[in-house]
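Engineer: The residues making up each chain are set out below.
There are 2 protein chains.
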Amino acid sequence: MAVRLSPPDPADLHPIAGVELGFAAAGIRKATRPDLMLMRFAAGTQVAGVFTQNSFAAAPVQVCRSHLAAQAAIRGLVVNAGNANCGTGARGLQAAHDTCAAAAALIGCDAQQILPFSTGVILEHLPIDRLVAALPRCVSGLAKAHWAEAAAAIMTTDTVAKGASRRLDLNGTTVHVTGIAKGVGMLQPNMATMLAFIATDAAVSAPALQLMVSRVANRTFNRVTVDGDTSTNDSFVLIATGCATQAAGHPPIESEDDPAWQALYAAVTEVATVLAQSIARDGEGATKFITVEVAGARDEAEALKVARSIANSPLVKTALFASDPNLGRLIMAIGNAGVVGLDTRGVDLYLGAVHVIEHGERSARYREEDGAAAVAPDEISIRVLLGRGAGQCTVWTCDFSYDYVKINAEYRT
Amino acid sequence: MAVRLSPPDPADLHPIAGVELGFAAAGIRKATRPDLMLMRFAAGTQVAGVFTQNSFAAAPVQVCRSHLAAQAAIRGLVVNAGNANCGTGARGLQAAHDTCAAAAALIGCDAQQILPFSTGVILEHLPIDRLVAALPRCVSGLAKAHWAEAAAAIMTTDTVAKGASRRLDLNGTTVHVTGIAKGVGMLQPNMATMLAFIATDAAVSAPALQLMVSRVANRTFNRVTVDGDTSTNDSFVLIATGCATQAAGHPPIESEDDPAWQALYAAVTEVATVLAQSIARDGEGATKFITVEVAGARDEAEALKVARSIANSPLVKTALFASDPNLGRLIMAIGNAGVVGLDTRGVDLYLGAVHVIEHGERSARYREEDGAAAVAPDEISIRVLLGRGAGQCTVWTCDFSYDYVKINAEYRT
Numbered sequence: 014m015a016v017r018l019s020p021p022d023p024a025d026l027h028p029i030a031g032v033e034l035g036f037a038a039a040g041i042r043k044a045t046r047p048d049l050m051l052m053r054f055a056a057g058t059q060v061a062g063v064f065t066q067n068s069f070a071a072a073p074v075q076v077c078r079s080h081l082a083a084q085a086a087i088r089g090l091v092v093n094a095g096n097a098n099c100g101t102g103a104r105g106l107q108a109a110h111d112t113c114a115a116a117a118a119l120i121g122c123d124a125q126q127i128l129p130f131s132t133g134v135i136l137e138h139l140p141i142d143r144l145v146a147a148l149p150r151c152v153s154g155l156a157k158a159h160w161a162e163a164a165a166a167i168m169t170t171d172t173v174a175k176g177a178s179r180r181l182d183l184n185g186t187t188v189h190v191t192g193i194a195k196g197v198g199m200l201q202p203n204m205a206t207m208l209a210f211i212a213t214d215a216a217v218s219a220p221a222l223q224l225m226v227s228r229v230a231n232r233t234f235n236r237v238t239v240d241g242d243t244s245t246n247d248s249f250v251l252i253a254t255g256c257a258t259q260a261a262g263h264p265p266i267e268s269e270d271d272p273a274w275q276a277l278y279a280a281v282t283e284v285a286t287v288l289a290q291s292i293a294r295d296g297e298g299a300t301k302f303i304t305v306e307v308a309g310a311r312d313e314a315e316a317l318k319v320a321r322s323i324a325n326s327p328l329v330k331t332a333l334f335a336s337d338p339n340l341g342r343l344i345m346a347i348g349n350a351g352v353v354g355l356d357t358r359g360v361d362l363y364l365g366a367v368h369v370i371e372h373g374e375r376s377a378r379y380r381e382e383d384g385a386a387a388v389a390p391d392e393i394s395i396r397v398l399l400g401r402g403a404g405q406c407t408v409w410t411c412d413f414s415y416d417y418v419k420i421n422a423e424y425r426t
Numbered sequence: 014m015a016v017r018l019s020p021p022d023p024a025d026l027h028p029i030a031g032v033e034l035g036f037a038a039a040g041i042r043k044a045t046r047p048d049l050m051l052m053r054f055a056a057g058t059q060v061a062g063v064f065t066q067n068s069f070a071a072a073p074v075q076v077c078r079s080h081l082a083a084q085a086a087i088r089g090l091v092v093n094a095g096n097a098n099c100g101t102g103a104r105g106l107q108a109a110h111d112t113c114a115a116a117a118a119l120i121g122c123d124a125q126q127i128l129p130f131s132t133g134v135i136l137e138h139l140p141i142d143r144l145v146a147a148l149p150r151c152v153s154g155l156a157k158a159h160w161a162e163a164a165a166a167i168m169t170t171d172t173v174a175k176g177a178s179r180r181l182d183l184n185g186t187t188v189h190v191t192g193i194a195k196g197v198g199m200l201q202p203n204m205a206t207m208l209a210f211i212a213t214d215a216a217v218s219a220p221a222l223q224l225m226v227s228r229v230a231n232r233t234f235n236r237v238t239v240d241g242d243t244s245t246n247d248s249f250v251l252i253a254t255g256c257a258t259q260a261a262g263h264p265p266i267e268s269e270d271d272p273a274w275q276a277l278y279a280a281v282t283e284v285a286t287v288l289a290q291s292i293a294r295d296g297e298g299a300t301k302f303i304t305v306e307v308a309g310a311r312d313e314a315e316a317l318k319v320a321r322s323i324a325n326s327p328l329v330k331t332a333l334f335a336s337d338p339n340l341g342r343l344i345m346a347i348g349n350a351g352v353v354g355l356d357t358r359g360v361d362l363y364l365g366a367v368h369v370i371e372h373g374e375r376s377a378r379y380r381e382e383d384g385a386a387a388v389a390p391d392e393i394s395i396r397v398l399l400g401r402g403a404g405q406c407t408v409w410t411c412d413f414s415y416d417y418v419k420i421n422a423e424y425r426t
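Each protein sequence line maps, in turn, to chains A and B. Residue 14 is where the first sequence starts when you use the numbering used here, and the numbers rise one by one after that. Residue 14 is where the second sequence starts when you use the numbering used here, and the numbers rise one by one after that.
These are calculated hints, taken from the structure and not from any lab test. Yeah, the Cβ is synthetic: ideal placement off N, Cα and C, and Gly gets one too. Among these hints, one or two may not hold up.
[Said to hold, decoys possible] Derived coverage of chain B by chain A (criterion: at least 3 residues anywhere in the stretch with Cβ under 8 angstroms from a Cβ of chain A; other residues may be distant):
#, segment
1, 131-137
2, 151-161
3, 342-354
4, 365-379
Chain A with its partners taken away, still in its complex shape (with noise of 0.2 angstroms):
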């Protein structure tokens, strides 16, 4: 049950020029529903990414960095459901190049011209030839309007398909931004059983556009959490095609200091946003949607210690599924933050609007019954000021129910 949180209308997903889309049932997933999706783009298209810290890295991502740092013009990219190709050794790893070659032999380019990306169940191996077997209707399939079924076609245990889109005037253009993505379990700091897909037909340079994934990434999908773990294949990956720009006879987007890529940046994170904070409604199990920002770090890097304390802490998720607003838990979190020198006397907390902690102590004006208000919602605010500094961030996340247990503990089954 995801909170608040419904399917794209395609008629919101706005087609990028020089994106398209294909879809497909392998049977790698479910034989019922499609789980194989393809992305198509116009030559001179730019991508640029960001993957997984997890040290048993899949094959498809190990693939992904290799074909980017070839620095190959990518034409393409193949995602399947169901599976994760990790921890499958060489024979993951070819089963990861088959899957290029195919998608590379149906659009005509090199299989080092295509990304592969695999979200599933880990350790077990691709059914390579159910994937290579349903490609060619990806490909008979492709079309400029698929994101919505794009969207849908890699989602695991994902309840409500993820998609997001804006449009926006670049030097007298309209540009567009749209993206997708699929999120669920084993999320945490570094994106986790991740992977998203935001596509601009603006024109950007390749330096300008790996800076610009990683910053969105930081902003964005690295400040979501459900539950402290982190995936072997988290992959997000921008893809700017120019179509639109270079059209109007503009150069690509060199640096940040453009103002262009301040405006493209600024919707590239409105879409990633979007897209994050629903992984974050749809977390397994999430009946609350809960926003922390702390505020009054000495950085940014100790504010964000302090969120993901409180954002991970499985007791002070408990608490928040119970609507009890269990002040003990709060502070608890925030004391185990490993911040060295924490002053607990200059620290406050509110939820929602309630003044609850003040100056490290339950404030003398807080009732009980506005607290137990302010946690009632499916929506949920919690504010930290810890009085250090001028550092802050905020981390999204969602509350720890029975269903979170009951998902994770029959998910294989």
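Fit chain B to the given chain A structure using the hints.
Structural biologist: Just chain B now, with coordinates in the frame of chain A:
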């Protein structure tokens, strides 16, 4: 429901010469059961302790640190269950001091010679009047045989009282080591809502005792984790009365180079290990007791990072609750441990005696039914070999069940 854990048989808990214990129902936790405990120590007793690293260290922890730092000759301690006296500011500190003063007046010493401990709800003021009113009953009932009753009096959401005892020969004199603990939620590295008191009638100098308490904590209580949260009140105190060995004319143990130090350290470690494991067995909602052993790390700290990453992963813990040998989550947790430069091809993993991951991949001989059989019992062993060095460690934890959510969602209601 604790995993294979029974309350200690009072007959198995050896009295410690120089330690008397009393208890009373003060009405702090529930009106009908003992929730206050006092220990009185013979003159000449040495006491050393280790305490929570949480920034919001509770008032009693602050007072304990100050009394121990002042090198006061500790003559007693007071423990209340039901209220943690944490986040209570100046009034909380005063309540902890008042506790010491009241106990000191009753047993005839200075307030500085008493150590106070509290466990329970955070951010509520300690009902000091009720505590002080009940102390005379603790004192009038003081007896050397009351270890089991003391273990019961300090429980909060523990379902089973925890105690252990050993007897050993030191240079021809029989000495004893007896300990009690309470644990349950908010457990993780660095001890967390855990109180443990271990006493011996051997004589140990202050520095040698401090070394022993730190080293024992590191090998036992700091190796238990229930949910990755740490509390504001954890304390582990080691008490050496010296009554047995001084009566025999032996001087105090002065240094770890003394073979008697090593023998006593081994016995205290055994008692602490039983207590620490008891805490994991009685973790909130626990249905499985899980031992995670990591070897082949560069050093012990690296082994500990990997063991804790596994033991704290909600995804691993929910899978084990379901008796699901979910190998993917195990390698995910290993990969998330932050081991720099981990070559996953060197990683092996066993569930019980079943070799499941070999050189970073699913073992060719692995059969799902063997894995399922290995995680079916209520005691599960996970062994990871990293293939990088000689560092190793063992961590104990429990699974994550529906009841964990239920207990924590309803704790205060």
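Engineer: Checking against the hints above, which ones are violated?
Structural biologist: 2
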